[in-house]
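> One line per chain: the protein sequences are A and P, in this order. Under my numbering, the first residue of the first sequence carries the number 3, and numbering increases by one thereafter. Under my numbering, the first residue of the second sequence carries the number 3, and numbering increases by one thereafter.
One or more hints might be untrue.
If several chains are the same, the list does not tell them apart, and a pair holds so long as it fits within one copy or across any two.
List time: in silico PhoX-like cross-link candidates among lysine-lysine, alpha-carbon distance up to 25 Å [to be verified]:
no., residue 1, residue 2
1, 65, 120
2, 549, 65
3, 120, 46
4, 632, 599
5, 543, 409
6, 550, 48
7, 435, 341
8, 61, 215
9, 585, 647
10, 61, 46
11, 182, 232
12, 232, 215
If you are wondering where the hints come from, they were derived from the structure by calculation, not from laboratory data.
Number of protein chains: 2
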Amino acid sequence: MKYSIILLFVFFVSSAQIKKKQLNLMPWPQNINLTDGTFTLNQKFKVNITGNPNDRLFKGVSKFLRRLDGRTGLFLEQPFVTKTNEYSEAELQINCARPGKVGLNEDESYTLIIETNKINITATTDLGALHGLETLLQLMQNNGRSFYFPAVEVTDSPRFTWRGLMIDAARHFQPVDVIKRNLDAMASMKMNVFHWHLVDDQGWRIEIKKHPKLTELASDGDYYTQEEIKNIVKYADELGIMVVPEIDIPGHASALLSVYPEIGSKKSESMLYSVGRRSGIYDSALDPTNPKTYKLLSEIFDEVCPLFPSDYFHIGGDENNGKEWNANPVIQEFKSKNKIASNHDLQTYFNMKLVPMLKKHNKQLMGWEEILTNDMSKEAIIHAWRGVNEGLSPGGALVKAAKGGYKTVLSNGYYIDLLLSVDGHYLNDPMPKNIVLSKEEKDRILGGEAAMWSELVTPLNIDSRIWPRTAAIAERLWSNDTIIDLNSMHRRLKVISSRLEEVGVMHIRNKEVILRNITNYQDTRALNDFTNICEPLKNYKRNGGGKKYFMYSPLTLFADACTADASDAYDFDKAVNQYLENKSPENQIVVTSFFRKWIAMNNDLIALSANAPLIQPVLPMSNNLSVISKQLLLAIEEKQNVDKKALNELLEQLTIRNSADVELAIYSSLKKLL
Amino acid sequence: MKYSIILLFVFFVSSAQIKKKQLNLMPWPQNINLTDGTFTLNQKFKVNITGNPNDRLFKGVSKFLRRLDGRTGLFLEQPFVTKTNEYSEAELQINCARPGKVGLNEDESYTLIIETNKINITATTDLGALHGLETLLQLMQNNGRSFYFPAVEVTDSPRFTWRGLMIDAARHFQPVDVIKRNLDAMASMKMNVFHWHLVDDQGWRIEIKKHPKLTELASDGDYYTQEEIKNIVKYADELGIMVVPEIDIPGHASALLSVYPEIGSKKSESMLYSVGRRSGIYDSALDPTNPKTYKLLSEIFDEVCPLFPSDYFHIGGDENNGKEWNANPVIQEFKSKNKIASNHDLQTYFNMKLVPMLKKHNKQLMGWEEILTNDMSKEAIIHAWRGVNEGLSPGGALVKAAKGGYKTVLSNGYYIDLLLSVDGHYLNDPMPKNIVLSKEEKDRILGGEAAMWSELVTPLNIDSRIWPRTAAIAERLWSNDTIIDLNSMHRRLKVISSRLEEVGVMHIRNKEVILRNITNYQDTRALNDFTNICEPLKNYKRNGGGKKYFMYSPLTLFADACTADASDAYDFDKAVNQYLENKSPENQIVVTSFFRKWIAMNNDLIALSANAPLIQPVLPMSNNLSVISKQLLLAIEEKQNVDKKALNELLEQLTIRNSADVELAIYSSLKKLL
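The shape of chain A in the complex, shown without the other chains (with noise of 0.2 Å):
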């Protein structure tokens, strides 16, 4: 009998075990628990709410609905919400004790319980219950009859408090409908967090009615006027998202110093600065010794701070090369007659005159790591980027800030411009492993977030670039720090990218426009089977000292097609180890139907460059992975020796920069192969 009951118990375990591995939760709960039964979807669902919630929880709610019946086809009664306990009877209940406030450290954490049938979300405030709604829906799955939900009990809360996405709408201006549309991801991937990098040298994107040349002369016409930010900011605002404004200074100026040159730092005021239209580091800078300098801060200040109710303000301050300020001897004299010993300690002074204007505005300031100098204020926020590309340590800056009394935020390893794989995102934790911190120090690090860097981003590709990879950060900034299993995340990632599409984002259509129109609106499968093994240029090599491409340049080519973790190179990877290990009839089978594909492809690529010319950069690249598919084909199913040599060389070629400015993601596994 004893045994007997263990025997069930370890039965009922491993079941649990199991269904719980089929989950597509992403942020993984901080505590899930399935339990028996299903909950059955059916037109006459309905939710009822209770307590005290702020209003957006019913813009929440009724946004759920529509998700929830444009994805069963069930044609829910339930039209919009407005209020609380207007269906006592309702399936699912959701009571929230208190109005949530957007901002850091607020409560967020929430309860779920399904059974079969009734659903209880309970939340402190409205902020938690938008959470539970999102993983209810990520929970939803059907039988090819009905839809449902497992029966299942959840308990959750954030790791970190901020959980951000940084987009730069300064080199790519980013419209009003691409910010929201990465909104909606966002919530639905419990990111709380929203920097918007506003100015740049190549562009000055915010109405200021005080200053209107500056998108007059600054913006090429394309810029946020205050109504559109007023309306971002309540709109991230109901789904529960901080919006926090960076106007990026003393350097990243040209924009700004081309209507007002008056204030920057060239030795001449006759010298002219005009809106970049390259990428690149630009030697622009605001003369910091200049008191109209600050005047104008402080009249741009007093317009922006009133458009963003957060309690940050984020002044950049990074990149500012000095070579303006070395050059001019009036900022010189300046330096020596203040005892200012640096361009580093230069900048602190100008940082520091910025921190009463934004006080004014009950703002702290935020800022890029190079902000971080003894003098500065302790309140300020530490925005840690640098690491091995810039001859740093990874982070460092982090705990440097923390260890030294600053609350910190961590980007690098979160920049997903240069599109790295998504792995290394994912295992990059803000809190350092192996350096031992203090709680008050652990405190201090406030979490993470991506930066999507627009030099090579339009509306067309940008979601592409920041989905579904930010999904995979945000279940690090989210999730406990045990849930690192790549293969669980690629799995769960790629259902993610799907659901994706229902809050709107474009990755996977705006592909496909972008196949479409180098096909030629010819077919476009044979391309597309050719994206998914190649992967744009990484760490900036695409466009290697700005050259290349113009700000203006379109972004409508075969590497803004493909992404960074090309999905099958992801797959024969895993094929080609497999067959290694093991090189079974089946093994075999899985590793060379790539290659009959590729060969295939080939042929298809080169009937459709007759009549689309965008076809002919990636025509040498192709051809030469025909061409060593079909050697290999001959080696393994053939058993024929091929000249291995040769071959060889053909791979390295691969590795050659080619005109389509991608590379062969597939690279590595060939190699394993030869």
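Let chain A serve as the given structure and place chain P on it in line with the hints.
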């Protein structure tokens, strides 16, 4: 010698004729003459503007450059264009005599001459020049390696001055980005009037600062701020498009009356109105005897009129069924006291009170044809819309208006929400063929307007209801009335449909989103094949009585992925006709390959449905079609006798309304084979 010259001449003409037929121009220009040679594009290609254009041409040329660059991947060097005479040596020279004014009867003509080393666009106004740029883009061709324009001379101007598209943003709200991308598409088809239906029973969609409750209580949060309206009007103006707002009164007023019931016609003020949640005609009507009605309307006009620079203001005026007026004794008393014979005359009384309110803002009143009565001001524009569906002669009001001294615009025959074949729209000419009209009467026929009512469209599927079909209407309104070849139109429309994607229209990409949702992110090919032979139910049958779909129901189902003019149905019908004419093996193969495709499709759909409940509603139809296909294969290939009666019964079953809300578009073609 004489003989050979003649031969040469004949050859020259027919070669040019053949080449002309291969051009994918739409709307077809008034005069086009292909000459010898080509102009090849390269990176140095530049544009220069001379003369005295409106600034919109600079923006237009900048956009043109980016589209050209996106399509060719040439990395064109020329950045944003901001002034005249920038590059006197530029290959493309554009000259405009004077700034164009967006509005009726402005000069929109242009001449485009392409030679082997230069291109000239000459126009009186920038509006004409913008049209010339669109023609130039449509002329682009490639030889597999490079892109070029054929040498050509085009002189072109529109046949009608009103070439409009109406979008109903009331039933389903259409956000700013939806409107903008449709304006871009309109401009690419040389259309020049956007008629914006802003309010209806189901929603009040425009901010009124003096009456904020209108949007607070009657928009579900979905409306345009006045800033957004101004932004769109400016955007349209830059494209050469006039925006005509519509505030639909005195009927279609449920949303307005839900906020201000005191000006409604219900017998008692305590009888409430509510925002409409279904489609169909509501009884709600303003009270024309109540002075408060006019006070409110006047206040609304005072805010709305200044937002729109156009000379015209649409007051709706349609479908007031008079039920509330009849039931209200006060209104009946008013009629007899003022000797107003009918409700129709009472509505004219109401309309005439609006004329001075609009005149105050220099606006002429426009309204749906119901406003046409003996006492109506001759300044009004009559918008003809009724026809056979309403038991009237098609477009009868147009003739009546023109003869009666009114300017008039045709929408009867252009109701694209009916989801009828494009052929009918294309052949529907605003100028009546069989009725003798004087020159003055003809001049009063301003043109036509496609009408996109939004009971069953959301931002996800609206583009596929408007495009590409509206391009055929645009051609009817621009081109010569002799351009009526349906085969040519269909061939060109296919190419135009692709090119519309370049300006941002989402008809292709959003279809795929719907397919992915239905298949639960499995392979969409089979389902896509099925959409290509199905069409959504026509003539409002899909939502008969407005019972099935609420205004908040999702539009993510099979019928939403289907469109009018199902593409394979068109091809299949051609194949069947050819086969019946000549049962050659080649013709047989074309027909039978369809059957094989549909048999495979059905098998795939069954497999997909195991993990996609939304596939279930289409399975009965696809099963049925699969059985018919198998039988016809046997009959055609094996010459077997099949049970024709049973087959016919199966076929007729396909005409019964199904739960997928579509009809099989190959029904009549299959019928021919049986």
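> If any of the earlier hints don't hold here, list their numbers in rising order.
5, 7
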